[in-house]
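The hints should help you fit chain B onto chain A, whose structure is shown.
So the chains spell out like this:
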Amino acid sequence: MPAERKPGYDMPYYDWSPLPERPPLKWPNDARVALCVILSMDHYQWKPTNDFVNGGMPGSQPDWAYKAPESPGGVSGGGRPFPDVIGFSIREYGPRVGIFRVLKILDKYGITPTIAIDALTAENYPYVVRTLKERGCEFMAHGVAVNQLLTSKMTPDQERDYIRRSIDAVTQATGQAPKGWMGAEFGESAETAAILADEGVSYVCDWPNDDHPYPMNTPTGDLYSLPVNLTLVDLRSHWYGRIHVDTYAKMIMDSFDVVYREGADTGRMLVLNFQPWLMGTGFRSKYLDQALGHICRHGGIWKASAGEIVDYHRSLSATNA
Amino acid sequence: MLEPGLSPYAPIVDRPVVRWPNNARVALWVAPNVEYMDFIPAPNDGKGGFFRNVYSRTPPPDVASFANQDYGNRVCLWRMLEVFDHHKIRCTVSLNEAILEHFPETKQALIDRDYDYMSHGIYNNRFLNLLSEDEERAFFKDCVDTLYEHTGKKLKGMLTPAVSPSARTHDLMAEAGLIYNADWGHDDQPFPMKVRKGRLLSMPYNLDLNDGTYSRFGCTPEYWAQCVKDQFDVMYEEGAENARQVCVSLHPSVMGHPSRIKYLDEVLGYMMGHEGVWQTTADDMAQYYMDNYYDIMVAHLEKHEYN
Numbered sequence: 001m002p003a004e005r006k007p008g009y010d011m012p013y014y015d016w017s018p019l020p021e022r023p024p025l026k027w028p029n030d031a032r033v034a035l036c037v038i039l040s041m042d043h044y045q046w047k048p049t050n051d052f053v054n055g056g057m058p059g060s061q062p063d064w065a066y067k068a069p070e071s072p073g074g075v076s077g078g079g080r081p082f083p084d085v086i087g088f089s090i091r092e093y094g095p096r097v098g099i100f101r102v103l104k105i106l107d108k109y110g111i112t113p114t115i116a117i118d119a120l121t122a123e124n125y126p127y128v129v130r131t132l133k134e135r136g137c138e139f140m141a142h143g144v145a146v147n148q149l150l151t152s153k154m155t156p157d158q159e160r161d162y163i164r165r166s167i168d169a170v171t172q173a174t175g176q177a178p179k180g181w182m183g184a185e186f187g188e189s190a191e192t193a194a195i196l197a198d199e200g201v202s203y204v205c206d207w208p209n210d211d212h213p214y215p216m217n218t219p220t221g222d223l224y225s226l227p228v229n230l231t232l233v234d235l236r237s238h239w240y241g242r243i244h245v246d247t248y249a250k251m252i253m254d255s256f257d258v259v260y261r262e263g264a265d266t267g268r269m270l271v272l273n274f275q276p277w278l279m280g281t282g283f284r285s286k287y288l289d290q291a292l293g294h295i296c297r298h299g300g301i302w303k304a305s306a307g308e309i310v311d312y313h314r315s316l317s318a319t320n321a
Numbered sequence: 322m323l324e325p326g327l328s329p330y331a332p333i334v335d336r337p338v339v340r341w342p343n344n345a346r347v348a349l350w351v352a353p354n355v356e357y358m359d360f361i362p363a364p365n366d367g368k369g370g371f372f373r374n375v376y377s378r379t380p381p382p383d384v385a386s387f388a389n390q391d392y393g394n395r396v397c398l399w400r401m402l403e404v405f406d407h408h409k410i411r412c413t414v415s416l417n418e419a420i421l422e423h424f425p426e427t428k429q430a431l432i433d434r435d436y437d438y439m440s441h442g443i444y445n446n447r448f449l450n451l452l453s454e455d456e457e458r459a460f461f462k463d464c465v466d467t468l469y470e471h472t473g474k475k476l477k478g479m480l481t482p483a484v485s486p487s488a489r490t491h492d493l494m495a496e497a498g499l500i501y502n503a504d505w506g507h508d509d510q511p512f513p514m515k516v517r518k519g520r521l522l523s524m525p526y527n528l529d530l531n532d533g534t535y536s537r538f539g540c541t542p543e544y545w546a547q548c549v550k551d552q553f554d555v556m557y558e559e560g561a562e563n564a565r566q567v568c569v570s571l572h573p574s575v576m577g578h579p580s581r582i583k584y585l586d587e588v589l590g591y592m593m594g595h596e597g598v599w600q601t602t603a604d605d606m607a608q609y610y611m612d613n614y615y616d617i618m619v620a621h622l623e624k625h626e627y628n
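Line by line, the protein sequences give chains A and B. Number 310 in this note's numbering belongs to position 310 of the first sequence; there are no gaps in the numbering. Number 538 in this note's numbering belongs to position 217 of the second sequence; there are no gaps in the numbering.
Keep in mind the hints are simulated off the structure, nothing from the lab. For every residue, glycine included, the Cβ atom is placed at its ideal position computed from N, Cα and C. Take the hints with a grain of salt, since some may be wrong.
As a list, the in silico DSSO-like pairs of lysine-lysine whose alpha-carbon atoms are at most 27 Å apart [claimed, not checked]:
(1) A:K286 / B:K583
(2) A:K250 / B:K550
(3) B:K624 / A:K133
Residues on chain A that point at chain B, a partial pick, calculated with CB under 8 Å [what the hints assert, rightly or not]:
(4) H43
(5) W46
(6) P83
(7) V85
(8) E92
(9) Y93
(10) F100
(11) L120
(12) P126
(13) G282
(14) K286
(15) Q290
Next up, chain A with everything else stripped away, as it sits in the complex:
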């Protein structure tokens, strides 16, 4: 439906709110920047499936199945048929090797990551889940698989099943219901925010539009948006965008410098999202280390999990209301 030409958005999920118009935001201990690192643990299915609800046995691809065309692997411009071992195995590098190298770097800087984990990874890598749980990581639901996205091609029932399947897998694997949601490849339909809220999800990371968290408007539930910085997602700039990894690291450092400066007036945040299969490779890990090292040399940073940032902001809103 085309937009009506009137103030505000042509969608219901949040209100127009330019940042300079807001009252100053105070983070705990007057921190200038809230820093959140989200690691995505994705599984790339050997073959796309039409039976994600029952555990992902292979089958023909249904018409609502969807994989981002730019996502590594899969049928390429040259017409590469499935199965696609390139797409599969580079993702598998994450739980085998990459995650541990990334954790070692995060340890150096005292950062506990928030984990966005898809259903197939949560179910099939108990060692990884246990390792992350022991470090006190918070887990977010993250769809079913990276080549099985949630999109508007699904019916509302399919979509709700997909969301429940994703949440249940994380609950089963970690023993705790996830509070947050980050869609695989940020996939959503126009209904997703409402369904997530209705399913009791506390916050969603699919709307990368702000340096602050903000409440969303949904018919039921109480949903917050925690925006990631999309340009600084490794997959976006470094992989899809082909920006050299040293330049990518510089972009993170430059971004930090700006929000740190701005954070003197009103608290800002830097929500970073990395794929361990990508930034956890040997040569890239050096640049991850460099970027986080630059950030963590500064005082006045609140290193927090996604849920902590959202809960804190929610408590401020409640106080001001």
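Using the frame of chain A, we list chain B on its own:
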């Protein structure tokens, strides 16, 4: 285990320690892809497999693409060989075996240097993963026989043509007597694969730090060299505790190009200038791992049941 259940899982931080000969930190294998593709690929009419259209620029043939790749065979490979010789590198040639039949001087140059051959199939535009089991079995026989006939070497491993294994490829590799598959970019060490009979290793070829990928993505030669050196540095550091492998994956028409050759020289010199580097071939590394660590890792997997 997740479909296809071919790669047993053990986190790299919780495995028995691997040590290379002489306690080397890093096994370094250099893999030039010596390739040939059909000038005009057969149509994908459902008969006789599935062909990769390497000519996305124009309908086949795209003579510029064909000839640029051929520049690799006619000119750039010879330039690369000088660099390899200079650094005393013994290569693992990722070989489209039709090369042995098409180009006798190339074959002789590789034989003279006692390189090892990781088969890369017969032609690089003929995918494996849509062949029938019988067709695929015949393909492996062809690869084993052709290599033996031309070089007297027993085929030990393969990077499938255009990296296109089916779920049964690994079983058929083991059945044909191969000991490794290089298709999986999932690890920094060799690792046992699951096959229905026999034994097979995954020998991770570098799909990611690949000169072909880099040139396609518009990366500069300096950047490629820096990335390879960075990769080596990290593997070298980690290899002090648990051995690592570094694969330098190359294409003559890319890193053998006059604009790039000095960077190949630079990175090989850099890596070979370190103590504790085992410059070897995928064949020898796989055999060493098979003889010394395969059983240990399989026992480790059985004991831990990671997934």
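task = Report holds or violated for the interface hint on A:H43, using the least CB-CB distance to chain B and a cut-off of 8 Å.
result = holds, 7 Å
ask   = Per the CB criterion, is A:W46 less than 8 Å away from chain B?
value = Check passed: Cβ of A:W46 comes within 5 Å of chain B, closer than 8 Å.
key: Restraint outcome when A:V85 is required to lie within 8 Å of chain B by C-beta distance   = holds, 5 Å
ask   = Quick one, is the A:Q290 hint okay against chain B at 8 Å, beta carbons?
value = Hint on A:Q290: violated, closest Cβ of chain B at ~11 Å, above 8 Å.
Status of the hint placing A:K286 at chain B (closest C-beta pair under 8 Å) = This hint holds: A:K286 lies near chain B, its Cβ roughly 5 Å from the closest one there, short of 8 Å.
message = Given a cut of 8 Å on the nearest C-beta pair, is the interface hint for A:E92 held or broken against chain B?
response = This interface hint holds because 4 Å falls under the 8 Å limit.
request  = Measure nothing beyond the straight line between the CA atoms of A:K286 and B:K583; if it is 27 Å or shorter, mark the hint as holding.
outcome  = holds, 24 Å
request  = Using 8 Å as the Cβ threshold, decide whether A:Y93 counts as touching chain B.
outcome  = With Cβ-Cβ at 5 Å, under 8 Å, it holds.
query = Given A:P126 was flagged as interface, is its beta-carbon under 8 Å from a beta-carbon of chain B?
reply = Constraint on A:P126 satisfied, holds at 7 Å.
message = Holds or violated: A:K250 and B:K550, Cα atoms, limit 27 Å.
response = holds, 19 Å
query = Taking the least C-beta to C-beta distance, is A:G282 closer than 8 Å to chain B?
reply = Result: holds, 4 Å to nearest chain B Cβ.
query = Under the criterion that the straight-line Cα-Cα distance not exceed 27 Å, is the pair B:K624, A:K133 satisfied?
reply = holds, 22 Å
When each numbered hint is compared with the structure, a violation occurs for hint 15 only.
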